[in-house]
Amino acid sequence: MTKIVLITGAGRGIGAAIAAMAAGQGYAVAVNYRRDAAAAEAVVDRIRAAGGRAIAVQADVGQEQEVERLFLDVDRQLGPVDVLVNNAGMLGHCLVRDMDAGELERLFRANVFSMFFCARQAVQRMSTQTGGKGGAIINLSSVAARLGGLAGGCHYAASKGAIDAFTLALAKEVGTQGIRVNAVRPGLIQTQIHDIHGGLDAMETLARTTPLQRSGTPDEVAEAVLWLASPAASYIHGTVVDVAGGR
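Just so we're aligned, residue 1 is where the sequence shown starts under full-length UniProt numbering, counting upward by one.
Bear in mind the hints are in silico, worked out from the structure with no lab data behind them. As the structure is a prediction and not an experimental result, all values here were calculated from the model. Some hints here could point you the wrong way.
[Said to hold, decoys possible] Here are the computed lysine-lysine pairs in the DSSO-like style, where the Cα-Cα straight-line distance is at most 27 Å:
no.: 1; residue 1: Lys133; residue 2: Lys172
no.: 2; residue 1: Lys172; residue 2: Lys3
no.: 3; residue 1: Lys133; residue 2: Lys3
[To be verified] For each label pair, taking beta carbons as the anchor points, the in silico distance ranges come out as:
no.: 4; residue 1: Ala38; residue 2: Arg97; range: 35 to 41 Å
no.: 5; residue 1: Gly51; residue 2: Arg208; range: 38 to 44 Å
no.: 6; residue 1: Gly178; residue 2: Arg46; range: 30 to 36 Å
no.: 7; residue 1: Arg97; residue 2: Thr128; range: 45 to 51 Å
no.: 8; residue 1: Gly238; residue 2: Asp201; range: 35 to 41 Å
no.: 9; residue 1: Gly24; residue 2: Met99; range: 40 to 46 Å
no.: 10; residue 1: Gly175; residue 2: Arg106; range: 16 to 22 Å
no.: 11; residue 1: Gly24; residue 2: Thr209; range: 31 to 37 Å
Built from N, CA and C at the ideal position, the CB exists for glycine as well.
Whole structure, please, built from the sequences with the hints as guidance.
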């Protein structure tokens, strides 16, 4: 039976790479996006052109009611989710001395609230205690959780630290329900998200200080995510995997 994966924030970057790779492995893929419908539909079109099954579903996953609608849409079009990849998130650049509650809430809604809202819906469907078949949840964190991030990114680093803690706690909560929970901590990956901190040139300069002396690719992160979702990782639970070139 075809497994169904929902990837939040999958219109570009790491999320798009996970979507394409998942489809290549036989998953039916739900590509979530918040604003850029054209980018999400392009991901879906590429999957369908290669013979895969995919849909694009709009929702702001930082909003509770929109997440409920997102999962109902996936239920209706594909079926209950077997794998949830909590990928949606954002960077922020603001010094603590200049930060207000609005800036803090905006980032935490995108990076942390979204994971709670999506995980709740996924657990309700996956849990063997409520008739589900079990499943896997993979959260996207960042090495900023343990390195502290860059100047102006204190709230971003804190949000990623929250994701690590959430992953470990949720794993303890749902392990007996047939659900595995893990996280991936990417390092310097070649995506547009780094534009806020000087773009790819600045990222590559920093990447040369890593033991591998290069940045990573979205596909390298996708490989780790989908391995954690697979039977090959059946005894991996409550773990955070770094994909950071040794940084």
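Consistency of the hints with the structure:
1. For the suggested pair Lys133 and Lys172, the alpha carbons sit about 18 Å apart, so the restraint of at most 27 Å is met.
2. Our distance criterion of 27 Å between C-alpha atoms is met by Lys172 and Lys3, whose separation comes to about 24 Å.
3. With a C-alpha separation of about 11 Å, the suggested pair Lys133 and Lys3 falls inside the 27 Å cut-off, and the hint holds.
4. Taking 35 to 41 Å as the suggested C-beta distance range, the pair Ala38 and Arg97 conforms, at roughly 38 Å.
5. Between Gly51 and Arg208 the CB atoms are about 40 Å apart, so this pair conforms to the stated range of 38 to 44 Å.
6. The hinted range of 30 to 36 Å is satisfied by Gly178 and Arg46, whose Cβ atoms lie roughly 32 Å apart.
7. For Arg97 and Thr128, the Cβ-Cβ distance of about 49 Å falls inside the hinted range of 45 to 51 Å, so the restraint holds.
8. Our hint of 35 to 41 Å for Gly238 and Asp201 holds, since their Cβ atoms are close to 37 Å apart.
9. The beta-carbon spacing between Gly24 and Met99, approximately 41 Å, falls within the hinted interval of 40 to 46 Å.
10. At roughly 33 Å, the beta-carbon separation of Gly175 and Arg106 lies outside the given 16 to 22 Å, and the hint is violated.
11. A C-beta distance of roughly 33 Å is found between Gly24 and Thr209, which places it inside the suggested range of 31 to 37 Å.
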